[in-house]
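Visitor: Sequence:
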Amino acid sequence: MNEHYSIVIQWSEKHSCFVASLPEWGNYNTQGRSYEQALAKAQEVLATLTKLYISQGKSLPVAKTFQTSTT
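The opening residue of the sequence shown carries number 582 in our numbering; numbering runs sequentially from there.
No lab work stands behind these hints: they were computed from the structure.
In this text the structure is predicted, and so the values were computed from the model without any measurement.
Backbone N, C-alpha and C fix where the C-beta goes; we use that ideal spot for every residue, glycine too.
One or more hints might be untrue.
To be verified - The following label-pair restraints were derived from C-beta to C-beta distances:
#, residue 1, residue 2, range
1, 637, 593, 26 to 32 angstroms
2, 589, 635, 19 to 25 angstroms
3, 621, 645, 20 to 26 angstroms
4, 640, 618, 28 to 34 angstroms
5, 592, 632, 28 to 34 angstroms
6, 637, 594, 34 to 40 angstroms
7, 640, 593, 29 to 35 angstroms
8, 646, 620, 18 to 24 angstroms
9, 639, 595, 31 to 37 angstroms
Claimed, not checked - With a straight-line Cα cutoff of 20 angstroms, these simulated SDA-like cross-link-like pairs (lysine to any residue) come out:
#, residue 1, residue 2
10, 645, 634
11, 622, 610
12, 639, 609
13, 632, 585
14, 632, 620
15, 639, 625
16, 622, 609
17, 622, 634
18, 639, 605
19, 622, 585
20, 632, 643
21, 622, 607
22, 645, 588
23, 595, 610
24, 645, 587
25, 622, 590
26, 645, 631
27, 639, 585
28, 622, 606
29, 622, 596
30, 595, 614
31, 632, 609
I would like the entire structure built from these sequences, with the hints used as guidance.
Guide: If you want it as structure tokens, here you go:
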């Protein structure tokens with residue numbers, strides 16, 4: 582399996598931390614005090630979700646890919 586999933590990391594003024602979301606997986610997100618911590622936690626959540634889906638026989642979400650426009 583060679584899926585490449587998106588991780589979006591943004592600063593949250595409200596929570597004073599970085600929030601990492603996993604767009605292909607719905608409303609799953611995690612947070613960290615630093616960008617690096619948010620990324621590491623998101624990678625852990627992604628690994629857990631992947632294992633869970635596989636163990637339950639669920640189809641994995643389709644990974645989004647970067648698209649550039651040609652003009």
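Visitor: Next, verify each hint and record whether it holds.
Guide: A quick look at each hint next to the structure:
1. 637 with 593: 26 to 32 angstroms: Once the Cβ atoms are compared, 31 angstroms apart, the range 26 to 32 angstroms for residue 593 and residue 637 holds.
2. 589 with 635: 19 to 25 angstroms: 23 angstroms, holds
3. 621 with 645: 20 to 26 angstroms: 21 angstroms, holds
4. 640 with 618: 28 to 34 angstroms: 30 angstroms, holds
5. 592 with 632: 28 to 34 angstroms: Distance hint for residue 592, residue 632 holds at roughly 29 angstroms.
6. 637 with 594: 34 to 40 angstroms: Holds, at about 37 angstroms.
7. 640 with 593: 29 to 35 angstroms: 31 angstroms Cβ-Cβ, so the 29 to 35 angstroms window holds.
8. 646 with 620: 18 to 24 angstroms: 20 angstroms, holds
9. 639 with 595: 31 to 37 angstroms: For residue 595 against residue 639, whose Cβ atoms are near 32 angstroms apart, the range 31 to 37 angstroms holds.
10. 645 with 634: Holds: residue 645 and residue 634 sit about 18 angstroms apart, inside 20 angstroms.
11. 622 with 610: Within the cut-off at roughly 9 angstroms; holds.
12. 639 with 609: 17 angstroms, holds
13. 632 with 585: OK: residue 632 and residue 585 at ~15 angstroms, within 20 angstroms.
14. 632 with 620: Since the Cα atoms of residue 632 and residue 620 sit roughly 18 angstroms apart, the hinted pair holds (cutoff 20 angstroms).
15. 639 with 625: Since the Cα atoms of residue 639 and residue 625 sit roughly 19 angstroms apart, the hinted pair holds (cutoff 20 angstroms).
16. 622 with 609: 12 angstroms, holds
17. 622 with 634: Holds, at about 18 angstroms.
18. 639 with 605: This hinted pair holds, its Cα atoms lying about 14 angstroms apart.
19. 622 with 585: 16 angstroms, holds
20. 632 with 643: Status holds; Cα separation ~15 angstroms.
21. 622 with 607: The given pair, whose Cα atoms are some 16 angstroms apart, holds under the 20 angstroms limit.
22. 645 with 588: Holds, at about 11 angstroms.
23. 595 with 610: 15 angstroms, holds
24. 645 with 587: 7 angstroms, holds
25. 622 with 590: Between residue 622 and residue 590 the Cα gap is close to 11 angstroms, so the pair holds against 20 angstroms.
26. 645 with 631: 15 angstroms, holds
27. 639 with 585: Since the Cα atoms of residue 639 and residue 585 sit roughly 17 angstroms apart, the hinted pair holds (cutoff 20 angstroms).
28. 622 with 606: 15 angstroms, holds
29. 622 with 596: 16 angstroms, holds
30. 595 with 614: Measuring from Cα to Cα gives roughly 13 angstroms; hence the hint holds.
31. 632 with 609: 15 angstroms, holds
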